[in-house]
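Engineer: All chains should be built: construct the whole structure from the sequences, respecting the hints.
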Amino acid sequence: MVSSTFIFGISATALLSSLQIIHAETVTIEAKPGTDLFNQFRPVYHFQAREKWMNDPCAPYYDEATGLYHLFYQLNPNSTIWGNMTWGHAVSKDQVTWKDYPDALRPFEDKWDHLGVFSGFAMNNAIDGKQTVFYTGVTALPIAWRKEYLFGEHVVYATTDDGGKTWQKGRKPLIERPPPVPGSIFWLPFW
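Numbered according to mature numbering (1 follows the signal peptide of the UniProt record, and there is no 0), the sequence shown spans residues -24 to -1, 1 to 167.
Calculated from the structure, these hints are not laboratory results.
Idealized CB from N, CA, C, for every residue including glycine.
Check before you lean on any hint, since a few could be wrong.
[Said to hold, decoys possible] Ranges of calculated distance between the beta carbons of each label pair, as one might list FRET restraints:
#	residue 1	residue 2	range
1	P19	G146	31 to 41 angstroms
2	N100	N15	29 to 39 angstroms
3	T56	A102	13 to 23 angstroms
4	D104	D12	21 to 31 angstroms
Structural biologist: Following this line, the structure appears as structure tokens:
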């Protein structure tokens, strides 16, 4: 009778001797955005950014004049981890097939959101009769309920003149900073 340990040992030895060493530089897998391999396992009915890190959807709205649905989402265009909070932007006629637009709102562009463009919402004809997005501009980090509050959040806005292709930020925030209430976090302008 042959022991199972002996059979396992023979099988493991045969397996190890048949393995080949593959160097990483010889393997080429093209999984770039827009390729079949990249799209093979991506959701069909759930929007996903073309690359990098994404988070919350922000300020979805429908523009009757253009027949387009707009979806903004938090994005780090520089990395696959959290940081550099930017609003990515995509449009769709059917809410299934999405086309990427250039990023709508970026941090580092003015003093009211230079550390991040956080969540927000959209309204038709809100400021000067234009499509408007309101968002939390961040000027101090970290923002966490466990940390001392740094009063670095501001309710700011941006408007568009061209159906959402480009956005112009307001010159000053609507609410410069929250009142000094202990334990408060003034995060999302729609709460």
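Engineer: A separate judgement is required for each hint: does it hold in the structure or not?
Structural biologist: Here's how the hints hold up against the structure:
1. At about 35 angstroms, the beta-carbon gap between P19 and G146 stays in the expected band of 31 to 41 angstroms.
2. As the Cβ distance of N100 to N15 is approximately 34 angstroms, the hint placing it in 29 to 39 angstroms holds.
3. A C-beta distance of roughly 34 angstroms is found between T56 and A102, which places it outside the suggested range of 13 to 23 angstroms.
4. For the pair D104 and D12, the supplied restraint of 21 to 31 angstroms is violated, since their beta-carbon distance comes to about 45 angstroms.
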